[in-house]
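**Student:** Each residue of the sequence shown is one higher than the one before, counting from 23 in the numbering used here.
Calculated from the structure, these hints are not laboratory results. Note that the structure is a prediction, hence the values are computed from the model and not measured. All residues carry an ideal CB built from backbone N, CA and C; glycine is no exception. Keep in mind that a hint or two might mislead.
What the hints assert, rightly or not - Label-pair ranges, simulated between beta-carbon atoms: (1) G84 / Q229: 49 to 57 Å; (2) L109 / S27: 34 to 42 Å; (3) T43 / E218: 19 to 27 Å; (4) D202 / G125: 22 to 30 Å.
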Amino acid sequence: MIEISHLTKTYGDRKVVNDCTWEVPDGAIMGFIGPNGAGKTTHLKMITGVLRPTAGTVKLNGFDITKEPLKAKETFGYVSDSPDHFLRLKGVEYLNFMADIYGMPSEGRREFIEEYADRFGIADALNSKILSYSHGMRQKIMVMGALIHKPPIWILDEPLLGLDPQSAFELKKMMREHADAGNSVLFSTHVLEVAEKLCDRIAVIRQGEIRFTGTLDELRSGYPEGTSLEDIFLHLTGEKQASVETGTEA
23 MIEISHLTKT YGDRKVVNDC TWEVPDGAIM GFIGPNGAGK TTHLKMITGV LRPTAGTVKL
83 NGFDITKEPL KAKETFGYVS DSPDHFLRLK GVEYLNFMAD IYGMPSEGRR EFIEEYADRF
143 GIADALNSKI LSYSHGMRQK IMVMGALIHK PPIWILDEPL LGLDPQSAFE LKKMMREHAD
203 AGNSVLFSTH VLEVAEKLCD RIAVIRQGEI RFTGTLDELR SGYPEGTSLE DIFLHLTGEK
263 QASVETGTEA
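Sequences are here, hints too, so could you generate the full structure?
**Tutor:** Listed below in structure tokens is the structure:
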């Protein structure tokens with residue numbers, strides 16, 4: 023479970039994230055949706071301890087990311103919005119490096135690497151340097167590195183970008199399996215169709231403020247029947263002045 027309370031991040035006089043309070047419950051996939059520049063990545067970096075909040079708290083399975091960073095970080099796997107890391111390592115070297123950080127036993131890591139490399143279709147590339155990988159292959163190896171210690175919380179920033187259809191299908195299947203086992207998945211996306219088909223709950227952010235959290239049914243209940251998810255999203259994010267009462271453009 024992720025608990026976010028009054029989270030704020032300022033740079034000078036500019037508030038990038040403004041007094042946000044929401045949560046990601048156990049057993050759920052939470053989609054984090056918002057236009058570019060809305061504060062999604064800054065939000066995720068504070069949740070994971072990459073950035074220190076100006077104010078507010080983040081707890082991951084009960085551990086405060088600021089006060090108990092090591093314990094908090096053991097509970098989650100984080101995939102950032104860029105897969106271009108550790109490029110001079112071979113894929114298998116990177117995975118073993120990540121496994122070493124989390125103290126994974128040899129047998130457990132071997133089974134994980136074999137299973138996930140097969141599911142992602144990159145088993146033949148593990149002995150090549152990440153520098154030689156395509157963007158999609160780099161994304162896959164970063165996902166594997168983040169999940170190799172089998173954390174209960176997954177935090178993924180645009181994880182489907184660059185993935186081929188089969189790998190995207192596998193990752194979405196993994197996310198569903200993980201949530202169904204009673205764990206938490208938080209991922210940012212700008213693809214509304216993915217959120218609609220995959221998410222149990224969504225959080226919508228606009229200009230650093232959370233505009234909505236809840237289920238898609240709860241979101242739609244505030245709009246006229248037949249209003250598209252795209253129109254609702256554009257209304258919430260201020261990109262389209264839609265009327266809640268009539269569902270038409272103002």
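**Student:** Now look at each hint and say whether the structure bears it out.
**Tutor:** Against the structure, the hints:
{"no.": "1", "hint": "G84 / Q229: 49 to 57 Å", "result": "31 Å, violated"}
{"no.": "2", "hint": "L109 / S27: 34 to 42 Å", "result": "37 Å, holds"}
{"no.": "3", "hint": "T43 / E218: 19 to 27 Å", "result": "25 Å, holds"}
{"no.": "4", "hint": "D202 / G125: 22 to 30 Å", "result": "27 Å, holds"}
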